[in-house]
Amino acid sequence: MPSKKSSSKRSVSRGPLSERQPTVKTSELFQRIQAHAFDEMQWSRLQTTNLYLDQRIYKPGEQIGPRRQNIVAERPSVLVFADDDPQANFAHPCRYLLYDAETGEPDREVPAQFPPFVKAQPKTLQAFHEPVRFTETTIYRVRPWPPFRCPIILPRGERYAILYSGMSNKRHLNDMEFLYRTLIDLYDFNPKNIYALSYDGTLNTQDGVQVHWPGDGTNYRIKLTGSGTRADFEAAVNNLKGRIKRDDLLLIHTNNHGGYDGTPGTANLCTYPSWDGYYANDFASKVGELPKFHKLIVMMEQCHAGGFNNPIIAHSPADATSVASAATEPNNSYVTADGNWDPFARDWIAAQAEHTAFGGALAFDADTDGDGRIEAEEAFAYADAVKDPRDTPNFSESSEEGGDITLGQEFVIWWWWWWCDIFHRLFYPIYIKLPPEEYLRGIRALQPELAQLVTSLDERALSLREEFSQQLEELATKGFRSKGR
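Under this note's numbering, think of the first position of the sequence shown as 1, with each following residue one higher.
Among the clues, some could well be false.
Ranges between beta-carbon positions, derived for each pair [stated by the list, open to error]:
1) Pro291 x Glu400: 21 to 31 Å
2) Asn70 x Gly359: 25 to 35 Å
3) Lys292 x Arg460: 25 to 35 Å
4) Ser456 x Asn190: 16 to 26 Å
Simulated from the structure, these hints should not be mistaken for laboratory data.
As the structure is a prediction and not an experimental result, all values here were calculated from the model.
Ideal Cβ placement from N, Cα and C applies to all residues, glycine included.
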């Protein structure tokens, strides 16, 4: 919730509340409450806790914050919201400081996990002590020139993706936009196979309507297909039941906020519009309703996401499954200093894209085995290596094959080494003369024919490989038999 205001605010009123008049003007009442909340704050929290005054009066019985917390005003009350970890996604420790609206006397302090509002932060909720603020970042955007490479051969089977964010802030939408562009531009996903679900189904967020993506300053390209409700996520899964086939791949990415009830197995994903929790076992069971398919790759950014790893692995109907999460179950995931990104999600996607969100070079080559593909465990390893130190990334796989899942299949033929040599010789002279967009458009147009050509050659190559193997075996037997071995 930190803002980008230039200075911290603090009231200068002093004196015990018990010495003040029981009936005061509203503005004076607010000043006295602000002063008391600041004066009573522990010294250790002075530089880490933000204080916000809600400049309104709560009626008795009125709900404060999401209904899942079951916090209500017991008398006419004024609220001070103390955010003890402002750069963490929710749920995280925070406090509701309630004051008597008639006298300004402190009433009670209520531990909480979520902000004191349901959708966007109300205008009445204003910071008066804000040591932790998002900072403006100077961005040096680089237009990424895609490296020359063998075109991704269309895989056997379709590839699908579900991108989900419930109570979205702009950073969550930014992460999803980065992933959407990566799937479309690099991995050639069919846009019709991407279910993109966020907030109210538009580019609106808790921070307002978003227009320009901070990665390159252009308009958002993501095509939202629904809202961030639990119902819309389950509708996407239900739709996939009739589409996904035995050889297909599914990517699931979840973002926004997550909850945790304090005991193992209670991690949950926050859903629009009321922060209600979608618990890990329910989420995994829903995914488990899909028919058998080939590969499932999951990346989760929300707080406490690690609590989803084991349930997803246990319920997955895929032959191979991997799950990468930003935080272990008891812990939070964090926000970049400028408030524009969630570092784990951004860096996992950057590994897959082979460049940063701004188009720059990665800290190191994520393709650690040099096979020309970014595997699930390689994307995780990169994000883990460059992580925000407050995050606690964790990774699970159903098998070694689960860790080897890639979003694209470049070399599905055993003779790829000479295929790429021929391709480079014929296409590189074209590549260096054309703008990237024009070259990639041409390659995409040729991909169906390339895939058909490769399939026919692959069948013939397999026959030649078997013939070669048989002849080599005969030579080995003949040669070493003569030596008595």
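Hints, verified against the model:
1. Pro291 x Glu400: 21 to 31 Å: Taking Cβ atoms as reference, Pro291 and Glu400 lie about 24 Å apart, which means the hint holds.
2. Asn70 x Gly359: 25 to 35 Å: 46 Å, violated
3. Lys292 x Arg460: 25 to 35 Å: 31 Å, holds
4. Ser456 x Asn190: 16 to 26 Å: For Asn190 against Ser456, whose Cβ atoms are near 23 Å apart, the range 16 to 26 Å holds.
The structure does not agree with numbered hint 2 stated previously, though it agrees with all others.
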